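Chemist: Work the whole structure out from these sequences, hints included.
Each chain is listed here by its residues.
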Amino acid sequence: METLGFLMDGFGVALQPHNLMFALIGAFLGTLIGALPGLGPANGVAILIPLAFTLGLAPETAMIMLTSVYAGAMYGGRISSILLNIPGDEPAMMTCLDGYPMAQQGKASEALAISAVASFIGSLIATIGLILLAPLLADFALTFGPAEYFALFLLAFATLGGITGKNPMKTVVAAAIGLMIATVGIDSTGVQRFTFGTLELYEGVDFIIAIVGLFAISELLFFIEEKAGGGKEKMAVNKLSLKWKDIREILPTSFRGGVLGFIAGVLPGAGASLGSFISYTLEKRVLGKKGYFGKGDPRGVAAPEAGNNGASSGALVPMLTLGVPGSGTTAVLLALLISLNITPGPLMFTQNADVVWGVIAALLIGNFLLLILNIPMVGIFVKLLSVPPMYLLPIVTMIAFVGIYSISNTTFDLYFMVAFGVAGYIFRKLEIPLVPIILGLLLGPEMEKNLRHAMDISDGDWTILWDSGLAIGLWLFAGLGLILPYIVGPILRRRMRVTTGTGGPEGD
Amino acid sequence: MVSNDRIFGILMIVLAVAYGWGTTQFTEPFGGSEAVGPETFPRLLAVVLGLSSLYMVVRPDPDNAWPWSRTGVELIVAVVVLILYAMFLQPLGFIISTTLAVGTLCWRMGSRPIKAYIIGAISGVVVYLVFNFALDLALPLGVLSFMEVS
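Residue numbers (the numbering used here), protein chains in the order written: chain A, 1 to 508; chain B, 509 to 658.
Please keep in mind that the hints were generated in silico from the structure rather than gathered at the bench.
Just so it is clear, the structure is predicted and the values come from calculations on it, not from any experiment.
Be aware that one or more of the hints could be misleading.
The calculated lysine to aspartate or glutamate pairs, modelled on EDC-like cross-linking and capped at a C-alpha distance of 20 Å, are [stated by the list, open to error]: (1) A/K295 <-> A/E249; (2) A/K429 <-> B/E582; (3) A/K284 <-> A/D246; (4) A/K449 <-> A/E203; (5) A/K449 <-> A/D467; (6) A/K449 <-> A/D206; (7) A/K429 <-> B/D571; (8) A/K429 <-> A/D206; (9) A/K429 <-> B/D569.
Derived, one-sided and incomplete: chain A residues facing chain B with beta-carbon distance under 8 Å [said to hold, decoys possible]: (10) L4; (11) F6; (12) V387; (13) M455.
Computed footprint of chain A on chain B, listed as stretches where at least three residues anywhere in the stretch have a Cβ under 8 Å from a Cβ of chain A [to be verified]: (14) 557 to 569; (15) 596 to 608; (16) 615 to 623; (17) 642 to 648.
Ideal Cβ positions, reconstructed from N, Cα and C, are used throughout, including at glycine.
Modeler: As structure tokens, this is what we get:
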């Protein structure tokens, strides 16, 4: 029951008035970010990081705010799925299937309310799962040596594309590029690497600049190319008439979805999209004839929402316990931790217990906040949804500029950000995923450090990297992570495409 | 057409070779060399990038179309606007440069010009006020610095 004590301490942190306030702000901004087209969760969190810095927030406050943003973004993604039939992010794709038909039948606000309840249940289950699982995994991770960590990082890269990923080789290319960028600067032995004598590069490339450039600026360029500035027509929202019976009907579905989502979130290589996909298909199979899936069945709205929120909380498990994120958004959260000088991984549970448990408690509180925010205030979000991207994206870009500028007050960083944005556009055109690049930037220094430690221990013998059973296991899984997409990827992808009929935007 | 991946792959191989060659130029770390020096990890990366890029050259994916013609010009305009925004942020000050940059971007994305620049100006003033007074962070005023109240 040690965990319970820590959790109580966590509540002590999270319930402090200013932390509660930032959790509320985060939850609100997050829902907004999730709902607005062209502002995915990873993108939104990335833009807010520099602002959290310049506000001089305490580490736990900054983390609490951005985790609330993360949780909120998952809630928000459903709004545009239901009202516009456009998923706000990839995991929300499945919500379109039954959500949009419901809206067409004049039951938009019921769909929104049901999905909010399902999201709540999904997150709640997954957060409880996180509380139970994370300390165990952290204890286990304490037995990892440098060689195991090195293998674990490889595993993280290998599975990042997910088993639905298109071309694993492009993930490798992207990871190598990210790691290469991470080697720029003065290394731990004081040697300058690839600085070309430029003073600004001595400390290396600031990954926050890279993240904001790659996500925010490239998104702007994409919108310009697609001429999608006008926005879409929005659906009228009726007055809510939700009965207790309606909620009771979706409860079993939501529980199943939450559990499945959590599992998908914890496992490397699955992620929120797969979480919502699995829970939708399972629900369809379980209820089969009794439901009218695809034609506006409330359970078809509840299942993917519970699944994707469950997965997004589940994805925090590897990020917090091992320091290895499994998705784009958790990678961005990792960036925040690193820049707050907190080393993620098992030691964080002992050294920064207040941060970890504060964040976990904040997730629980944030869930309640989100439920309260989402049911009565959905009208406000719907109004904001009608802001056309042609005004929204330039303003987002401006906020990205302000954020980056306020970190160091130099324009050099701004040029750098624009350069990353152009590069990000080209990468996305070539279908080279951006998340491995960012993960490479983040994990590069740690990866090299672990390699060095391992080699120092073995006195230059490379076989130490696959000397223990655990390390071999990790290598095997990493190998599978690269090979499986070639085998099962096409099948899964085809099935997802058949069910949804569309592709979705990148990132989860 | 499958040339995008090929060209990119070749460029990345060139990068890998250049990067790998760069590792031979490092100065010897203080205290002599160890089992893993500053060059070991980068050399591994150069090999990985080289091989994976080679795969892209050999087995390229089908191309996505590049936006030539007018859309391409719009994209270049947007990038130029962003670069100019960065360049003039300090000399012109935050409010004026934001009005121009956000306004131009909104206009190019399809808004009517007058409305676009009004949005730009409003967002610039609001963000400036929020940052300066609520968050206590100074953004440059530039040519408007005569308006400064201390």
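Chemist: Does each hint fit the structure? Answer for all of them.
Modeler: How the hints compare with the structure:
1. A/K295 <-> A/E249: Holds, at roughly 17 Å.
2. A/K429 <-> B/E582: holds, 16 Å
3. A/K284 <-> A/D246: holds, 18 Å
4. A/K449 <-> A/E203: Within the cut-off at roughly 17 Å; holds.
5. A/K449 <-> A/D467: The hint holds at about 18 Å.
6. A/K449 <-> A/D206: Given pair A/K449, A/D206 holds - Cα atoms ~18 Å apart, limit 20 Å.
7. A/K429 <-> B/D571: holds, 9 Å
8. A/K429 <-> A/D206: With Cα atoms ~24 Å apart, A/K429 and A/D206 exceed 20 Å; violated.
9. A/K429 <-> B/D569: The given pair, whose Cα atoms are some 12 Å apart, holds under the 20 Å limit.
10. L4: violated, 38 Å
11. F6: violated, 33 Å
12. V387: Interface hint status for A/V387: violated (10 Å vs cutoff 8 Å).
13. M455: Result: holds, 4 Å to nearest chain B Cβ.
14. 557 to 569: Coverage by chain A holds for the region 557 to 569 of chain B (7 residues, Cβ < 8 Å).
15. 596 to 608: holds (count 4)
16. 615 to 623: With 4 residues in contact (Cβ-Cβ under 8 Å with chain A), the coverage given for the region 615 to 623 of chain B holds.
17. 642 to 648: Check passed, 3 qualifying residues.
When each numbered hint is compared with the structure, violations occur for hints 8, 10, 11, 12.
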